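Number of protein chains: 2
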Amino acid sequence: MGAASKLPNESKLSVKFYGSKKEALGNAVLHLTAVEISLDVDADRDGIVEKNNSNKASWKWGPNGHGAVLLVNCDSESYYKKRVDTEKEEISKVSDLKDMSRMILRTSGPTQLPEGYKLSLHITQTDAESVRVFIRCGPLDYPLVLNKEQLAAEVPYLGGNSELEFFVEGLRFPDKDFEGLVTISLSLLEPSDFPETPIFTDKVVFRVAPWIMTPNTLKPVEVFVCSTSDNYEFLKGIRKMVQSSGYKLKICHEYMNRGDRWMQDEIEFGYIDSPHQRFPVVLDSPRDGDLQEFPYEVLLGPDFGYVTRYAQAEEVSSLDSFGNLEVSPPVTVNGKNYPLGRIIIGVAFPTTAHGRNMTKVVQDFLWAQKVQEPIALYSDWLVVGHVDEFMTFVPAPDRKGFRLLLASPDAAYTVFTNLQNNGHGKAKLFQGKGEEISVNEILSNEEFRAENIYVQSCIDWNRDVLKKELGLDEDDIIDLPILFKVMAEENRAVAYYPDMVNMIVLGTNLGIPKPFGPQVNGSCALETEMRSLLEPLGLNCTFIDDFASYHKLLGEVHCGSNVLREPFAFKWWNLEM
Amino acid sequence: MGAASKLPNESKLSVKFYGSKKEALGNAVLHLTAVEISLDVDADRDGIVEKNNSNKASWKWGPNGHGAVLLVNCDSESYYKKRVDTEKEEISKVSDLKDMSRMILRTSGPTQLPEGYKLSLHITQTDAESVRVFIRCGPLDYPLVLNKEQLAAEVPYLGGNSELEFFVEGLRFPDKDFEGLVTISLSLLEPSDFPETPIFTDKVVFRVAPWIMTPNTLKPVEVFVCSTSDNYEFLKGIRKMVQSSGYKLKICHEYMNRGDRWMQDEIEFGYIDSPHQRFPVVLDSPRDGDLQEFPYEVLLGPDFGYVTRYAQAEEVSSLDSFGNLEVSPPVTVNGKNYPLGRIIIGVAFPTTAHGRNMTKVVQDFLWAQKVQEPIALYSDWLVVGHVDEFMTFVPAPDRKGFRLLLASPDAAYTVFTNLQNNGHGKAKLFQGKGEEISVNEILSNEEFRAENIYVQSCIDWNRDVLKKELGLDEDDIIDLPILFKVMAEENRAVAYYPDMVNMIVLGTNLGIPKPFGPQVNGSCALETEMRSLLEPLGLNCTFIDDFASYHKLLGEVHCGSNVLREPFAFKWWNLEM
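These protein sequence lines are chains A and B, in that order. One point on numbering: in our numbering, the residue at position 177 of the first sequence is 1166, and numbering is uninterrupted. One point on numbering: in our numbering, the residue at position 455 of the second sequence is 1444, and numbering is uninterrupted.
Some hints here could point you the wrong way.
Note that the list lumps identical chains together, so a pair holds whenever it fits in one copy or between two copies.
As the list claims (entries may be wrong) - Subject to a maximum C-alpha distance of 25 Å in a straight line, what follows is the list of computed DSS-like cross-link-like pairs (lysine-lysine):
1. Lys-1040 x Lys-1457
2. Lys-1415 x Lys-1349
3. Lys-1049 x Lys-1087
4. Lys-1422 x Lys-1541
5. Lys-1457 x Lys-1192
6. Lys-1208 x Lys-1165
7. Lys-1389 x Lys-1325
8. Lys-1349 x Lys-1229
9. Lys-1071 x Lys-1087
10. Lys-1049 x Lys-1077
11. Lys-1165 x Lys-1049
12. Lys-1474 x Lys-1137
13. Lys-1237 x Lys-1225
14. Lys-1457 x Lys-1049
15. Lys-1049 x Lys-1082
16. Lys-1082 x Lys-1415
17. Lys-1456 x Lys-1192
18. Lys-1415 x Lys-1005
19. Lys-1359 x Lys-1325
To be clear, the hints were calculated from the coordinates, so they are not data collected in a lab. Since we're looking at a predicted model, the values are computed, not measured.
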């Protein structure tokens, strides 16, 4: 059969039987029907469902790879009676189809299949936890076909050259127990007195898109901060900087934040991407402070997704706040490319018996996304315990396109010693903040110095790990003059003056905690030092007063803000894994 | 510091301080000690632990890849009070070290570290489920250092140029919740009034070797069969064939098999491989018939490993027998290489509501090994439900190096029709077996014909899947003339006469169930047909009478035997994944 049949039993093969003396015995006619069947997806990742791609049943990473992509439908088509779309078993708005992957059953053949033959679409029990399939019956009619209650369903055969359109919905992200691959099969079943038998099966494979974080080097879209009864000065500083930079500012008001100002800690912005659709997705921390409702109630909406993980039978610690979850810019390490950067989290140092950690379900989730292979730093030496207390990344026009900024007590002692040597030993820190102290007093405090030597050793260990894991040279790192204080009760550290590394990065504009450092010739020596370190890179430093409303509460500008950024131009499926 | 110090505080840096009028103020001396530390493994996979490989902290597949390999220590060093070695927390015999991966801590520096400094070896809680570390204290003294009760341990610093030797033991195979990678870290800790701080950490990564199956095309080492009260004829046939082929024969006697003759079904032979050690490992089926004790009691021993999976809260079905677990020879499919072949299992057809399946824990295990990506066929149409009832592979000198043999009712009807046409319609099957039937009688039974059309459709579906998943052409497949009978009670099929595809393959010698087909000119027409199909490939057919003792019990030669084979020359870590 060289082509599909136009009519059932259209082709005939006549067989004549003869006896041994060549006498005619009888005649048999074999009726043949040829049907072309192809279950199709966008396996070449160009946004179009091509016909019968020879690689549609497998998945391969890389620019020469193949295999279709599925999004977790984790946004909410409507704000009214809001729910994440994956929690609904029906399609309530046609716009929801954009978040699904099209799948087309192309058939070619007679008007009807021979009697009793039928088409069955099917998935396995395991895959049904990760995927749901709808069929297009009309422009506004998309009934559910497959889900975990219905693993196989007969689908109509339309006859002639026809296309049946399906929409495939991803239900969950890759995780420890789910690599991300799902298979959908279509079988032609033959009638039989015995169980129906498949005579042909076609298969397609999807990979669920990972959740991807966005580093400081990506263009900001919108800045998020909280308004509280006591943070007017801070808000004013942020607003001025954001507006002059030309980005949007979104303020979370007190009825929603209930006094919880730590916008960095409750959420992490990321996105999901496919050849046909892309949208931001907020990861909600199991921290669950008073800001807890914000990501679901305010952020979740049409084309804005939501995902969370619930810590089970484990205590959630301060290390579960997302000031402890950052991502590097793109790097190459020993020849291995990380074009989407690497995730960075803070954990207990493993030789410590009773350290605090980021909860396992969140760590498992982060590792399972695979495309931004995480690095675990040691952050448990800090009272709050977040990596953003000692590190950040800023864009740079040269070298790798960025610098790693690290808090450095050593650098601070150098600045203070120079001040003393230049006759500014009596210059005061914290002027007007009611707890002034001179450079000389700081330098003469041996206990304080010992604490900072300890802090420096903790940061240095992380510095080594970051150099190794991100492939950095010394010249890729800038040490910022910051001092810490070790709190006697728990032998853990906090920033002594506003922690300048805990900044907000908006393009080349940096919003830095105003350090209230020693006043020399009418200006702050720490601000001067920061400018001299960062301005040569084309960066603009804005110092924002967060002293009373953030610093004294053990956080700073970065902890109190969050930035939604544009996604990477690089497509994750082009990664070589 | 350009080199390691020979003495503590060996290098000194003198700093002189001057006042503003250049008067000497004082003098400070900085004492420096340089220590070289490297935790080393065989990251280049040549069997030798090289020094400080720059890639030792990551793992990459392929001939240009890197990363050390760990074996699950699943053999038992002694037969006496036998236990799998992983269940022992101590090393009882030095020979056990061969099954572990060497890891060396190389240090260079003064006799002692400066006071209070120490070295700590550590692993994470998660990795501790998969790995254990021993240290060499003397030629016969290897105490445990790390396990899941002890995640970090101080290790001695020996001074000078010294090497401390560790042995790393893998505890579990890759599985659904374990990708196979483990990390071991070594930190230099600095004394402090505060928590001890790491000032340097070195890391190494291992991947646990997967369990690998061996296809029929690999050279046999030993053949296993059971002796029962009623299988003398069968044993005689097998013994003759095995001995003339020059392989070893191992008979499992009745006190051990307790009448359970299905040697194929209780176990599957495979192996694990590393650059330093390799040994066979038997996978014990959750089937657990009366042969249940055999793999643990008889096979497990020095350099013979054992692994099993226990079905949980799921009923074990006939599909859990390992006649339903096979592996193809090496293939290339759409440009993708499978140099270790692909695993083949049988499952229910997914559109069936209440089919039988291979239990999930075994399927998960097989998929997690990764290097022989499994293919699921449809075998639930058979009463016994094993893939070896309708398919096998034999070596061939041409094409892909093998042929796929498939049972084919169509091929059988062709043979029988030709016999009838050539005047042998009265030739009898089952001669001397007390249930003789003629070719004419078989051909005239329309119900029987309908059953075989149904069986052919089930095999044809699998044929399509195998062609697609193994990249086979028509010429790679040989259809063997075999008829089936559908049992009315459950609408599932059994072989009508001895199922010739269910053969034992020993190099080019095939042990085939003697079919007792129609006698034509003093020889069996089915045997003649088999020879004409297989002998042109250089294969020798030996027909073994398994009629009473296997066929009547719904199994055949393959079900009743098992073959331990040599491993692949190809190393699994050279796979491109």
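Exercise. Are the CA atoms of Lys-1457 and Lys-1192 at most 25 Å apart within a copy, between copies, both, or neither?
Worked result: Between copies, since 11 Å is at most 25 Å while 43 Å is not.
For this session: Classify it for me, Lys-1082 with Lys-1415: is the Cα-Cα distance of at most 25 Å met within a copy, between copies, both or neither?
Result: neither (69 Å within a copy, 71 Å between copies)
For this session: Please work out whether the CA atoms of Lys-1040 and Lys-1457 approach to 25 Å or closer within one copy, between two copies, in both situations, or in neither?
Result: between (46 Å within a copy, 17 Å between copies)
Problem set entry | Intra/inter-copy verdict for Lys-1237 and Lys-1225 if alpha-carbon distance must be at most 25 Å | within (14 Å within a copy, 86 Å between copies)
Problem set entry | Intra- versus inter-subunit Cα pairing at 25 Å for Lys-1071 with Lys-1087 | This pair counts as within: shortest intra-copy Cα distance 18 Å, inter-copy 60 Å.
For this session: First find the shortest C-alpha distance between Lys-1456 and Lys-1192 inside one copy, then the shortest across copies, and answer within, between, both or neither for a cut-off of 25 Å.
Result: Between copies, since 14 Å is at most 25 Å while 45 Å is not.
For this session: Could you place Lys-1049 and Lys-1082 in one of the four classes (within, between, both, neither) given a Cα distance threshold of 25 Å?
Result: neither (33 Å within a copy, 45 Å between copies)
For this session: Using 25 Å as the alpha carbon limit, work out where Lys-1422 and Lys-1541 are close: within a copy, between copies, both or neither.
Result: Result: close within a single copy only, 11 Å intra versus 95 Å inter.
Exercise. For the identical chains here, do Lys-1457 and Lys-1049 meet the 25 Å Cα criterion within one copy, between copies, both, or neither?
Worked result: between (29 Å within a copy, 17 Å between copies)
Exercise. Given identical chains, is Lys-1049 near Lys-1077, meaning Cα to Cα at most 25 Å, within a copy, between copies, both, or neither?
Worked result: Neither, since 31 Å and 41 Å both go past 25 Å.
Exercise. Can you tell me if Lys-1208 and Lys-1165 fall within 25 Å by alpha carbon in one copy, between copies, both or neither?
Worked result: neither (31 Å within a copy, 38 Å between copies)
For this session: Could you place Lys-1389 and Lys-1325 in one of the four classes (within, between, both, neither) given a Cα distance threshold of 25 Å?
Result: within (14 Å within a copy, 35 Å between copies)
Violated hints, listed in ascending order, are 2, 6, 8, 10, 12, 15 and 16; each of the other numbered hints is respected by the structure.
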